[in-house]
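Chemist: Here's the letter readout for the chains.
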Amino acid sequence: MGINGIVKGLGITLKHFLETYWVDIKYKGKRYGTESGINDRRAFDTKGIFTVQYPEEKSKVPEAFRYIPFLVYDEGETGEKEIRCTSCGICAKVCPPQCIWITRSVNPETGKPVPKPAKFFIDVDICMNCGLCAEYCPFEAIRMDHDYEIANIDRFAHHIYDLDKLLKPASYYAEIRPTQFKEEDDARKEKEAKKAAARAAKET
Amino acid sequence: MEDQIFVSDLPSLDTLYPGKVTLDTRSGYSGFIVPREFLLEVSTEIHDVWGYDMLSSITGVDYFPEKMEVVYHFYRSLGGGALVLKVQVPRDDAVVPSIFSIYNGAEFQEREAWDLLGIKFDGHPDLRRILMWEGFEGFPLRKDWKEAYYEGDTKPFSSRWPEGVAEHSENKNIFNDNVKYPENFDPDKWIASGEEALYLGLQKSENGKDMETESIVINLGPQHPSTHGVFRMAALVDGEEIVDLKPAFGYLHRNHEKIGERNTFLQNMPFTDRLDYISSMSNNFGYALAVEKLMGVKPPERAEYIRVIMAELTRIESHFMSTGFLLNDLGAFFTPALYALKERELILDVFEAVSGSRMMCNYFRFGGVVRDLPAGIQETIKNLAFERLPGKVDELDQLLTENEIVRSRCMGIGVLTAEQAINLSVTGPILRASGVPYDIRRADPYSIYDRFDFDIPVFYHGDVYDRYLIRIEEMRQSVRIIQQAITQIPEGPVFEGKPQYQVRVPAGEAYGRVEAPKGELGFYVVSNGQANPWRYHVRAPSFINLTSLRQMCLKYKVADVIAILGSIDIVLGEVDR
Numbered sequence: 001m002g003i004n005g006i007v008k009g010l011g012i013t014l015k016h017f018l019e020t021y022w023v024d025i026k027y028k029g030k031r032y033g034t035e036s037g038i039n040d041r042r043a044f045d046t047k048g049i050f051t052v053q054y055p056e057e058k059s060k061v062p063e064a065f066r067y068i069p070f071l072v073y074d075e076g077e078t079g080e081k082e083i084r085c086t087s088c089g090i091c092a093k094v095c096p097p098q099c100i101w102i103t104r105s106v107n108p109e110t111g112k113p114v115p116k117p118a119k120f121f122i123d124v125d126i127c128m129n130c131g132l133c134a135e136y137c138p139f140e141a142i143r144m145d146h147d148y149e150i151a152n153i154d155r156f157a158h159h160i161y162d163l164d165k166l167l168k169p170a171s172y173y174a175e176i177r178p179t180q181f182k183e184e185d186d187a188r189k190e191k192e193a194k195k196a197a198a199r200a201a202k203e204t
Numbered sequence: 001m002e003d004q005i006f007v008s009d010l011p012s013l014d015t016l017y018p019g020k021v022t023l024d025t026r027s028g029y030s031g032f033i034v035p036r037e038f039l040l041e042v043s044t045e046i047h048d049v050w051g052y053d054m055l056s057s058i059t060g061v062d063y064f065p066e067k068m069e070v071v072y073h074f075y076r077s078l079g080g081g082a083l084v085l086k087v088q089v090p091r092d093d094a095v096v097p098s099i100f101s102i103y104n105g106a107e108f109q110e111r112e113a114w115d116l117l118g119i120k121f122d123g124h125p126d127l128r129r130i131l132m133w134e135g136f137e138g139f140p141l142r143k144d145w146k147e148a149y150y151e152g153d154t155k156p157f158s159s160r161w162p163e164g165v166a167e168h169s170e171n172k173n174i175f176n177d178n179v180k181y182p183e184n185f186d187p188d189k190w191i192a193s194g195e196e197a198l199y200l201g202l203q204k205s206e207n208g209k210d211m212e213t214e215s216i217v218i219n220l221g222p223q224h225p226s227t228h229g230v231f232r233m234a235a236l237v238d239g240e241e242i243v244d245l246k247p248a249f250g251y252l253h254r255n256h257e258k259i260g261e262r263n264t265f266l267q268n269m270p271f272t273d274r275l276d277y278i279s280s281m282s283n284n285f286g287y288a289l290a291v292e293k294l295m296g297v298k299p300p301e302r303a304e305y306i307r308v309i310m311a312e313l314t315r316i317e318s319h320f321m322s323t324g325f326l327l328n329d330l331g332a333f334f335t336p337a338l339y340a341l342k343e344r345e346l347i348l349d350v351f352e353a354v355s356g357s358r359m360m361c362n363y364f365r366f367g368g369v370v371r372d373l374p375a376g377i378q379e380t381i382k383n384l385a386f387e388r389l390p391g392k393v394d395e396l397d398q399l400l401t402e403n404e405i406v407r408s409r410c411m412g413i414g415v416l417t418a419e420q421a422i423n424l425s426v427t428g429p430i431l432r433a434s435g436v437p438y439d440i441r442r443a444d445p446y447s448i449y450d451r452f453d454f455d456i457p458v459f460y461h462g463d464v465y466d467r468y469l470i471r472i473e474e475m476r477q478s479v480r481i482i483q484q485a486i487t488q489i490p491e492g493p494v495f496e497g498k499p500q501y502q503v504r505v506p507a508g509e510a511y512g513r514v515e516a517p518k519g520e521l522g523f524y525v526v527s528n529g530q531a532n533p534w535r536y537h538v539r540a541p542s543f544i545n546l547t548s549l550r551q552m553c554l555k556y557k558v559a560d561v562i563a564i565l566g567s568i569d570i571v572l573g574e575v576d577r
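Order-wise, the sequence lines are chains A and B. At position 78 of the first sequence (counting the first as 1) the number is 78 in the working numbering, and the numbers step up by one without a gap. At position 374 of the second sequence (counting the first as 1) the number is 374 in the working numbering, and the numbers step up by one without a gap.
One or more of the hints may lead you astray.
As the list claims (entries may be wrong) - With a straight-line Cα cutoff of 27 angstroms, these simulated DSSO-like cross-link-like pairs (lysine-lysine) come out: (1) 15/A x 392/B; (2) 382/B x 47/A; (3) 194/A x 498/B; (4) 8/A x 342/B; (5) 26/A x 342/B.
None of these hints come from the bench; they were simulated from the model.
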């Protein structure tokens, strides 16, 4: 039995070892804690040390990244929250682990349902981050968040999210998912323009 | 060479064996119905005469309240479609002869059907519970059985909308009448009778030696770093030699199939991610194929290409991981494993950008995929497939293949011959390392695999070393497929029709199978036209490949068992389901 295979293998580990120094020298100490350094470590031709030192460093999540749903509201002209959700219940029906609870608003005088959620709960410990609710929401009202640091000490006290905790402004949505937001926004504007044109045509 | 093997058509068993076999004429169903008294005779015939030598899946369906049905899927190791046999028995007398004597691969699957559905297999050598614990009362997959957190037969539950108020399930009295215990059950005094059965089931060897020796039982696991999860093997050893070995698992059991039957068809998709959590894209693929078969939809061209690219990336990633961890098991602590994980991370970055999650991808839908590839990802995949991965596979190859320690630890260890492998229902890299060129992508092509130019690597020693080599070789072939797919991928829609959260699935049955990184992954789905599947069964490759573990380990040393288990490449999320 020879030792050629072992020597060859050790050569590869040595190459990896030396590369870590070579890449660090090339970056002149700017490889760690900088955005370009993190991006370099996620690139297809990366060499040298690969680890991103969480939590000091964080690699940016892609737009499609999904973690725990939130509810989108538009900011009205006077600053009030215009909740997009109409409490149609599709998200609650499609949710695989059934972690969404919605109470529909009811007009106290007529007793008829109003298209607004009175209560909205998500048990984030049961949520499996599948994103089906966001995928099938017809009103672009529920979307998946990017904030993955939600660890807490007490599941019973903190981990059922209610409306207060779930509502986030459309500007936040536009910030984390710019492409998707723009697509939907453009589509909505186009639809409104069409509607307006149709109305104008009807009146004349 | 344009040599083609012609496989004869499916025999029409009902005309060949009149009176013994009848055609299954229910609409949406296929295959043949055999009365239980003729099952052994007919299965011997199809094995010996018709060449259906591979038993793919055995499962049961509870057609509550009428009858139980046992469903068998047989294939030829030469390739071709399935031969489906069904045996119908009354629910209160669910006894079927075991076909273990003809197909050894039936061992675990029959035990599973007994465990979960209460179908008794007459003549099975060791019919014990396999996934549930030994003192468990009842058969969970029967339709009249209810789980502890039972809320309704089918999702969505009406308590969620329009008057839903969140409540932790722990706060409700959830145990009501749903959990039954055996009579006089006292958890403090209870001793697992199955434990004894497990040890007694181990076969002592005839002592033909001059010296009087005593064999002892060693438990490897369930808490052991080399078992890749919570997996246990009871090994009977004589000195250092394995005389007999029986795996015990189910520690991670969550009754995936029961959850699946409560879910709607779409809701099952994210649950399939959690089976073999290393390769969730492949799991999505198999389930999507099965339901698409039922629905009769076909994804558009671009979606097909995306699916193939994702499935092959998954294979590379999974093989990297299993190679790295095999070396870990051999004692090369984490240097090869981390080199492998590095490449896997880059592939997971692609998955994250495409599907939104690194491991729980949930990316496939019935009739396409969720969304198109985001901008720039096509370029990343191209770079990976052309620039990075080929070199890195070669590097891993150079690092390990000729290493003398790897060779002496792996060569000639855990040998499984071709006949044994086929008979034990082994699939995937293990089967091909034993010299059987069987890969579903070629043997029974699905999706668009017939368009690509790639080889099915085969090795002939059937040992741990060949199982390692075949994974390296398969990664190269997967890279080839991705290279072709990413250059040919057309523009166009990625979803057929309008996305719906409640899909209409016509009544019937379908078996969709894919060549997952670990072997044949099959989904047997029965629909009765409702929103939820009536039966949802997973033919998990790592679970069934474990049937061969005993055969591989006999006569080798205890230390070899670790290497052999590493070479099977199991994922406990899939084994225990």
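Chemist: I'd like to know which numbered hints this structure contradicts. Please list them from smallest to largest.
Modeler: none
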